[in-house]
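Participant: Listed here are the chains, written in short residue letters.
2 protein chains.
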Amino acid sequence: MSTQQRRERERAQRHDLIVKTARKLAESEGWDAVTTRRLADEIEYSQPVLYSHFAGKDAIVAAVALEGFTELAVRLRAATRTGEPRTALEGLARAYMAFAEENPALYDAMFTMAVDLPFGQDDTPEPLRDGFQALLSGVAQFADGRDPAILTEVVWSALHGLIVLSRGGRLPASGREARLRLLLDQFSATR
Amino acid sequence: MSTQQRRERERAQRHDLIVKTARKLAESEGWDAVTTRRLADEIEYSQPVLYSHFAGKDAIVAAVALEGFTELAVRLRAATRTGEPRTALEGLARAYMAFAEENPALYDAMFTMAVDLPFGQDDTPEPLRDGFQALLSGVAQFADGRDPAILTEVVWSALHGLIVLSRGGRLPASGREARLRLLLDQFSATR
DNA sequence: TCATCCGTCTAGCGATGCTAGAATCTGGAG
DNA sequence: CTCCAGATTCTAGCATCGCTAGACGGATGA
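Protein chains in written order, with my numbering: chain C, 3 to 193; chain G, 3 to 193.
Any given hint could be a false lead.
SDA-like, lysine to any residue: derived pairs with alpha carbons at most 20 Å apart [claimed, not checked]:
| hint | chain 1 | residue 1 | chain 2 | residue 2 |
| --- | --- | --- | --- | --- |
| 1 | G | Lys59 | C | Trp33 |
| 2 | C | Lys59 | C | Gly93 |
| 3 | G | Lys26 | G | Ile45 |
| 4 | C | Lys59 | G | Gly170 |
| 5 | G | Lys26 | G | Ala61 |
| 6 | C | Lys59 | C | Arg40 |
| 7 | G | Lys59 | G | Trp33 |
| 8 | G | Lys59 | C | Gly170 |
| 9 | G | Lys59 | C | Asp34 |
| 10 | G | Lys26 | G | Ala116 |
| 11 | C | Lys22 | C | Asp125 |
| 12 | C | Lys59 | G | Asp34 |
| 13 | C | Lys22 | C | Ala90 |
| 14 | G | Lys26 | G | Phe56 |
Since the hints were derived computationally from the structure, they do not count as laboratory data.
With the sequences and hints as input, model every part of the structure.
Facilitator: Structure representation (structure tokens):
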């Protein structure tokens, strides 16, 4: 009976190996380099093994994304644990942008690629829920009469827009800080 | 000598036919359906003909995107020709979102796919420049002390974020109007 | 010791973007 | 009107992609 457990343990390890390898590969050479053949090579197994763990390549990307949500939630919570609400928004925003900048491929998997992750639904995976909750609880501190959920969604959208447009070369790298400052100013004003 | 001109005219027509067909196909069945084979079928020529007009598939997508920028600029200018600055921002934002909603595939080509279009550079194509100018001149009306360029970039980012997150199912379709209202409120406040 | 079964790999399918070389058509000279 | 030269278009194929069927192998239990 013990061999059965060992088997399952090894399977779980290989599962993690696949996810971690995919992530590392994507981060170092971009998602285009993450082909099933290359990934299989990297983990030193053949392609079909991947499909015994995941339904397809999309599922692997989704698994990587899920890891990302967990990490993002941790970082956002850490950032919101500071003092006053004014700096809380700034900390939150900076933490979010830093995360996106440090893990571009991961961020892509989370917010631009994997379409099959159910976001605001009943079967939304825990890490996803947690990520949004971290944002929400941070933003709610200075909602000041405004609807916290709506406010969170808009702040999030603005940050995401800045990130994704910057990355694609649509926004000049120079004004980064000025844009963030303006955004923070606008959203701390209750009006 | 006339036949030479006719040749060139026909070439130009076929060039347009390719772009228009790619756009229509993308809009009706998504960009995944726009394969070189399918596109060649649709225009009733063989694949290599495409490559006598464009360097590759990316160049075709870029050509479609360019069309989009021209149209977007026109719509934005029309929207900003209204009266007071308060409603100008709202008109601008609604026009932008309506454009994105009515032409999802086109919008994708403009702002998420084609990476090879030089955006804020010296060799930026005219339609691109014009598109941003239309936004800028609209936003500048109510800048009210704030840096117009920075303000434009941030407003644009926020709108883009809303659009792209909504489309990917990351934001619920329900709060659409509320989010837009909140965004408008925040950005009309000068503070 | 042997048969069974689970796990893994080899080999291959259809589809992709792109291209070389054959085939065809066009236009102008004799 | 004929025929050749040059441009144009097509057929066929390459490498690569995600994915899978079926052969193969070794570990497990009788």
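Participant: Determine for every hint whether it applies to the structure shown.
Facilitator: Structure-based check of each hint:
no.	hint	verdict
1	Lys59/G to Trp33/C	holds, 19 Å
2	Lys59/C to Gly93/C	violated, 35 Å
3	Lys26/G to Ile45/G	holds, 12 Å
4	Lys59/C to Gly170/G	holds, 18 Å
5	Lys26/G to Ala61/G	holds, 16 Å
6	Lys59/C to Arg40/C	holds, 12 Å
7	Lys59/G to Trp33/G	holds, 11 Å
8	Lys59/G to Gly170/C	holds, 18 Å
9	Lys59/G to Asp34/C	holds, 16 Å
10	Lys26/G to Ala116/G	holds, 17 Å
11	Lys22/C to Asp125/C	violated, 25 Å
12	Lys59/C to Asp34/G	holds, 16 Å
13	Lys22/C to Ala90/C	violated, 32 Å
14	Lys26/G to Phe56/G	holds, 18 Å
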